[in-house]
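Trainee: This is what each chain is made of:
Number of protein chains: 2
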Amino acid sequence: MNIYDITLPLSEDLPTWPGDSSLSMTRSSDLAKGDIANVSKLALGVHTGTHIDAPCHFEAEGVGIDQIPLDILIGPCRVLEMTALSEGQEIDRPRLEQLELGGITRLLFKTRNSRWWMQKDQTFHEDFIALAADGASYLVAQGIKLIGIDYLSIEKFDNPGHPTHHTLLKNNVVILEGLNLSDVPAGDYELIALPLKLKGADGAPTRAVLRK
Amino acid sequence: MNIYDITLPLSEDLPTWPGDSSLSMTRSSDLAKGDIANVSKLALGVHTGTHIDAPCHFEAEGVGIDQIPLDILIGPCRVLEMTALSEGQEIDRPRLEQLELGGITRLLFKTRNSRWWMQKDQTFHEDFIALAADGASYLVAQGIKLIGIDYLSIEKFDNPGHPTHHTLLKNNVVILEGLNLSDVPAGDYELIALPLKLKGADGAPTRAVLRK
Chain A
83 MNIYDITLPL
93 SEDLPTWPGD
103 SSLSMTRSSD
113 LAKGDIANVS
123 KLALGVHTGT
133 HIDAPCHFEA
143 EGVGIDQIPL
153 DILIGPCRVL
163 EMTALSEGQE
173 IDRPRLEQLE
183 LGGITRLLFK
193 TRNSRWWMQK
203 DQTFHEDFIA
213 LAADGASYLV
223 AQGIKLIGID
233 YLSIEKFDNP
243 GHPTHHTLLK
253 NNVVILEGLN
263 LSDVPAGDYE
273 LIALPLKLKG
283 ADGAPTRAVL
293 RK
Chain B
83 MNIYDITLPL
93 SEDLPTWPGD
103 SSLSMTRSSD
113 LAKGDIANVS
123 KLALGVHTGT
133 HIDAPCHFEA
143 EGVGIDQIPL
153 DILIGPCRVL
163 EMTALSEGQE
173 IDRPRLEQLE
183 LGGITRLLFK
193 TRNSRWWMQK
203 DQTFHEDFIA
213 LAADGASYLV
223 AQGIKLIGID
233 YLSIEKFDNP
243 GHPTHHTLLK
253 NNVVILEGLN
263 LSDVPAGDYE
273 LIALPLKLKG
283 ADGAPTRAVL
293 RK
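Just so you know, the sequences run in chain order A and B. Residue numbers for the first sequence follow our numbering, so the first one is 83 and each next one is one higher. Residue numbers for the second sequence follow our numbering, so the first one is 83 and each next one is one higher.
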């Protein structure tokens with residue numbers, strides 16, 4: 083069985099969302115200083131790197147990350163390659179209507195965004211490819227339960243009113259962001275996306291893998 | 083398919099190892115204060131709650147948590163119930179020699195420790211049941227690749243020289259600590275234990291599940 087790790091490595095080199103807390107990892111105990119073990123502490127925003135947005139990220143009445151059912155986070159998944167789109171474009175309803183999504187409940191969009199991860203680009207890019215609000219409504223109507231994308235948000239940068247997030251989170255669609263899909267061919271896989279079990283949190287860093 | 087979540091919920095209520103960093107989660111943006119979203123930041127020791135120890139936790143030349151192969155973290159696993167042991171006792175070689183472990187590479191010990199999690203006990207207990215050094219050597223010789231236990235360390239509290247950790251980590255055996263096995267009957271499962279992909283870290287908080 084082939085396992086693809088589609089998770090970004092967490093380090094201080096990783097670009098974070100403008101205004102978000104930066105990541106820090108420091109050793110509170112260090113073998114090199116004569117301590118008996120290495121012991122590190124970590125500080126980060128819960129939407130850092132590969133992560134899941136919980137409904138309560140944008141919805142006052144939404145559940146926290148620890149309440150997302152495991153049987154949505156694990157199961158069959160399709161990786162769709164959207165190579166025709168370039169920087170700043172959105173995946174919209176007309177484009178999605180051309181796809182045959184029968185029986186699919188988990189969908190990951192592989193776009194040109196992934197090349198920034200492959201290049202270990204430390205800059206935050208505002209012109210990433212994202213899911214349009216009408217695309218989100220269409221996918222909800224199609225019965226999609228989990229959507230993933232290969233940049234730090236599913237929604238275009240600074241989108242007024244954040245309709246893509248609201249549409250998905252109001253309908254309890256799981257949003258998996260910050261994937262690196264550069265090594266993954268389009269096709270069908272088993273997805274395993276496990277967020278930290280942070281009580282009541284609006285999101286959590288997540289380890290995500292695909293199995294073929 | 084049945085999925086058991088064997089992960090401790092991460093919150094400020096969870097007991098941490100004496101001397102370790104405490105967990106804090108705070109909102110840097112809050113819907114209730116008129117912000118457009120809830121956004122939290124998290125600070126914690128990497129050995130908090132359910133977590134994996136990387137070889138470099140105790141071995142200067144050991145690899146970091148991001149280098150542990152996924153095919154050890156995912157796969158068939160046996161849950162062994164060690165109900166005869168009481169507080170402060172260790173799982174030692176004579177006890178392990180009685181078991182039939184042929185073909186097993188991943189092993190989780192369910193002990194009386196799990197009741198503290200079931201009771202949501204906020205106290206750190208020093209007299210948890212642990213794996214003895216001779217038990218660790220025996221399991222390495224048997225070809226075990228991953229060992230899990232239901233308290234915050236595999237090794238008894240303040241054990242001089244930490245021989246259990248050294249034996250396991252020198253041999254690249256994955257140590258999965260802080261499991262809550264109270265709801266899981268003994269038997270065979272598929273384990274999925276995914277740590278955060280923290281570059282070079284000595285450990286990482288982990289979401290762990292069993293599938294039957």
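Hints were generated in silico from the structure; no laboratory data involved. Hints should not be assumed to be uniformly reliable.
Note that identical chains are pooled: a pair holds if it fits in a single copy or bridges any two copies.
Said to hold, decoys possible - Below, a list of computed lysine to aspartate or glutamate pairs in the EDC-like style, where the Cα atoms sit at most 20 Å apart: (1) K227 with D153; (2) K238 with D153; (3) K227 with E169; (4) K115 with E182; (5) K238 with D265; (6) K227 with E141; (7) K281 with E94; (8) K281 with E172; (9) K238 with D95; (10) K115 with D102; (11) K238 with E172; (12) K238 with E141; (13) K252 with D153; (14) K281 with D153; (15) K227 with D265; (16) K123 with D95; (17) K252 with D102; (18) K202 with D240; (19) K115 with E94; (20) K294 with D153; (21) K281 with D240; (22) K115 with E143; (23) K123 with D112; (24) K294 with E179; (25) K123 with E141; (26) K202 with D153; (27) K202 with E179.
Trainee: Taking the hints in turn, state whether each one holds.
Mentor: Here's how the hints hold up against the structure:
1. K227 with D153: Within one copy only: 10 Å inside a chain, 27 Å across chains, cut-off 20 Å.
2. K238 with D153: Close neither inside one copy (28 Å) nor across copies (35 Å); limit 20 Å.
3. K227 with E169: neither (26 Å within a copy, 44 Å between copies)
4. K115 with E182: Intra 59 Å, inter 43 Å, cutoff 20 Å: neither.
5. K238 with D265: Intra 24 Å, inter 42 Å, cutoff 20 Å: neither.
6. K227 with E141: For K227 and E141, only the intra-copy Cα distance (17 Å) is at most 20 Å; the inter-copy one is 43 Å.
7. K281 with E94: Between copies only: 9 Å across, 25 Å inside.
8. K281 with E172: This pair counts as neither: shortest intra-copy Cα distance 33 Å, inter-copy 32 Å.
9. K238 with D95: So K238 and D95 fail the 20 Å test inside a copy (23 Å) and across (37 Å) alike.
10. K115 with D102: Answer is between: at 17 Å across copies they meet the 20 Å cutoff, but 32 Å inside does not.
11. K238 with E172: So K238 and E172 pass the 20 Å test inside one copy only (8 Å; across, 55 Å).
12. K238 with E141: Intra 19 Å, inter 44 Å, cutoff 20 Å: intra-copy only.
13. K252 with D153: within (19 Å within a copy, 36 Å between copies)
14. K281 with D153: within (18 Å within a copy, 28 Å between copies)
15. K227 with D265: Intra 24 Å, inter 27 Å, cutoff 20 Å: neither.
16. K123 with D95: Intra 17 Å, inter 18 Å, cutoff 20 Å: intra and inter.
17. K252 with D102: So K252 and D102 fail the 20 Å test inside a copy (23 Å) and across (38 Å) alike.
18. K202 with D240: Classified as neither; 24 Å inside a copy, 41 Å across copies.
19. K115 with E94: neither (22 Å within a copy, 30 Å between copies)
20. K294 with D153: both (18 Å within a copy, 13 Å between copies)
21. K281 with D240: neither (28 Å within a copy, 30 Å between copies)
22. K115 with E143: So K115 and E143 pass the 20 Å test across copies only (15 Å; inside, 48 Å).
23. K123 with D112: For K123 and D112, only the intra-copy Cα distance (12 Å) is at most 20 Å; the inter-copy one is 25 Å.
24. K294 with E179: Classified as neither; 26 Å inside a copy, 37 Å across copies.
25. K123 with E141: between (31 Å within a copy, 18 Å between copies)
26. K202 with D153: neither (32 Å within a copy, 25 Å between copies)
27. K202 with E179: neither (33 Å within a copy, 49 Å between copies)
Going through the hint list in order, the structure does not satisfy hints 2, 3, 4, 5, 8, 9, 15, 17, 18, 19, 21, 24, 26 and 27.
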